[in-house]
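Residue numbers (this note's numbering), protein chains in the order written: chain A, 1 to 161; chain B, 1 to 562.
Note that these hints are calculated values from the structure, not bench results.
Fair warning: there could be bad hints in the mix.
Here are the simulated SDA-like cross-link-like pairs (lysine to any residue), alpha carbons at most 20 Å apart as the crow flies [what the hints assert, rightly or not]: (1) B:K181 with A:M1; (2) A:K56 with B:T174; (3) A:K72 with A:V138; (4) B:K185 with A:K72; (5) B:K339 with B:K181; (6) B:K72 with B:D132.
Please read all numbers here as calculations on a predicted model, not as lab measurements.
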Amino acid sequence: MLDSSFYAKTDEILSKYPAQERSLIPIIHEIQETWNYIPVELLSYVADKIGITETKAYSVASFYERFSFEAKGKYIIRVCDGTACHVRQSVPVLERLRSDLGLSEKKHTTDDMLFTVETVSCLGACGLAPAMMVNDTVHPAMTPDKATALIKELKEEAANS
Amino acid sequence: MGIMKIDGYPVEFTDEPNILSVIRKAGIDLPTLCYHSELSIYGACRLCNVEDDRGRVFASCSERPRDGMNIKTNTPRLVHYRRMIIELLLASHDRDCTSCVKSGDCDLQKLAHRLGVASVSYPAHKGEHPIDFSSPSIIRNPNKCILCGDCVRVCEGLQGVNAIDFTRRGTYATVAPAFDKALAKTDCVNCGQCRVVCPTGAISINTNIRPVWEALSDPNVKVFAQVAPAVRVAVSQAFGGERGENVMGKIVAALHRLGFDEVYDTTFGADMTILEESKEFLEIFEKGGPFPLLTSCCPAWVSFCEKRWPEFVPNISTSYSPIQMLGSVAREYFADPAKNEGKKILSVGIMPCTAKKAEILRENLKRDGKQNVDYVLTTEELITMIKRAGIQFDRLESEAADMPFGMGSGGGVIFGNSGGVMEAALRTLCEGPERSAIEELRHSGVRGPGPLREFIFHYKGNEIKAAVVSGLAEADRLLRAIKSGEKFFHFVEVMACRRGCIMGGGQPTHAGVRTKEARKRGLYDSDVNTQIKKSNENPTALSIYQTLIKGREHELLHSHSH
Ligand code: SF4
Ligand code: SF4
Ligand code: SF4
Ligand code: FES
Ligand code: FES
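Extracted from the complex, chain A is given alone in its bound form (with noise of 0.2 Å):
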């Protein structure tokens, strides 16, 4: 269970909005704007108030790579893998990355909700590749040891917040 505060919030956004099938895609995202990611049980409670099954929600919501279900940490660290990076050795920055947090291919977020490392196809920043994005930065030209550097880094940023 979620606690009522999540509600309440919903319910404000809910209130923009006519109570229509609609109006899903922007209250969804303006739900994950607010929290990083979907919670289920609001995509289920969206989906009762404006008149539509919980399948229908997630059907549509789940279209759409940018929508998340699952809590993501503070930094969200996306490694781009596509071709341009690819062949100029992104695979071993994710797994620097992963093997310094813990994570996997499965676990993509760390216990202590810091950080989150996700593969996106392309950034359109193939003239910087190997690139990545944390949070809303582009790192170019990246390298195992600046991703450690870098994780580093930020666990200070965040321990002096």
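Given the structure of chain A, go ahead and fit chain B with the ligands onto it with the hints provided.
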């Protein structure tokens, strides 16, 4: 209206909704994997592609026939396309046909043979998705799914449930419940209609053949079966017989050979249901409400009502469904040591229905914590058992069902058709010269095409407003109209499956229009050939009220809370 040419031959068309129907009318079996006449058009598989005289290739299921069209169905280009489509589907399919339940009845397999797909130039795909065994009724194996969407459209469009849908996209796309939940955790009502339309083994019946077979070979267990009305008109075709033929006598013979000690007729249970339900109705009618009384014999409907319309749950009749009636009464009967001979008793229902597999597990239908029926086998499973045992069904001599629960009225046997429960119930209220009253009821509107029928029945100078509905999406619309006050009824029969149990989720698949019609006729004809028409005149049913269940009707024949 008009004339078009198909492969050079002129073909007339009238109100066919698409070119595909005209082609099929012309006697050409164009392959399809995503077309069902009762569902919305999806146009995804592209197997029904045809070519016109300008060389344009298009899906014939999605285009209207026009006068003067010139259509080709079998050009080298089309043949090449079709084969390629099947190859692509097979590429991402768990191709282990030999051990697949659907083998021999699978559209994908049949088409691969028919179109001459000799090899697939892609590596075989291993099962990656977990198989969902959570439902007592159906098994979902997404590794066999070709994403045709038929199940999605049935579940949403016809049943109004939407328990499953497309999820994700691209190579990750699957048909699944929300969040990949287990089907048993969704609003699924176990109707099995998704399984009926699934062209592959991706949705199959959750079978109980094994435990029943074990019991049959155990000398310390007495096993009895009851056979539902709709089963008897859906078996014949599997053994080369006529579609829709009533082969109850042969089914009884086959079950005896399989080792069932006693074989009873659920029609008897249907008569008991009517006896109780019509009493219940009269009580409510005289009291003046609450209306409408809703029938209770379809478990998929009951489950739908509980999940989507809890406010109408108190309106559902408390009378047991036919299978529960017979199960409960037979349990009493076999409690007698003279009858059970010191053996364990196993009670099996042979049903057209996947939802009955779930119904027998319901807590509110147990007595002293024990189920009234131990296992439900569907018509499909019965056919499988007969085949597996090597019984040559077509050569069997008919046998009569066993007493004391082997006899039913004509009213009981038409239960398998949409409208049958209502007709049987109202028969018991018919007044005046019997034959003409029954005949009049028959033409009152209770029978007929269409998923919803509304009609009026006259009873002692009063009007009984009645409705018969099949398909849950249709029932949903009806309940909405009742709730808003737009419509009013005293008595409503609901069946989850369009046309009723003859089209249940456990029946043999690939039933076209003619088979559907023949199954319906088969049951109505059985009624015609039965001397006793009314449930309240079934002598064996009446006699047990004086003996076996005397004074215990409420305990033995009614559920205690929904
Ligand atoms: S059994 Fe019926 S309700 Fe359940 S998924 Fe299939 S069609 Fe939908
Ligand atoms: S489960 Fe069957 S009916 Fe549903 S999409 Fe897959 S293949 Fe088609
Ligand atoms: S209509 Fe008949 S076969 Fe279909 S779910 Fe209901 S009881 Fe079962
Ligand atoms: S391939 Fe990595 S940014 Fe385009
Ligand atoms: S049947 Fe026409 S596209 Fe599938």
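Those earlier numbered hints the structure runs against, lowest number first = Per hint list: 4, 5, 6 violated.
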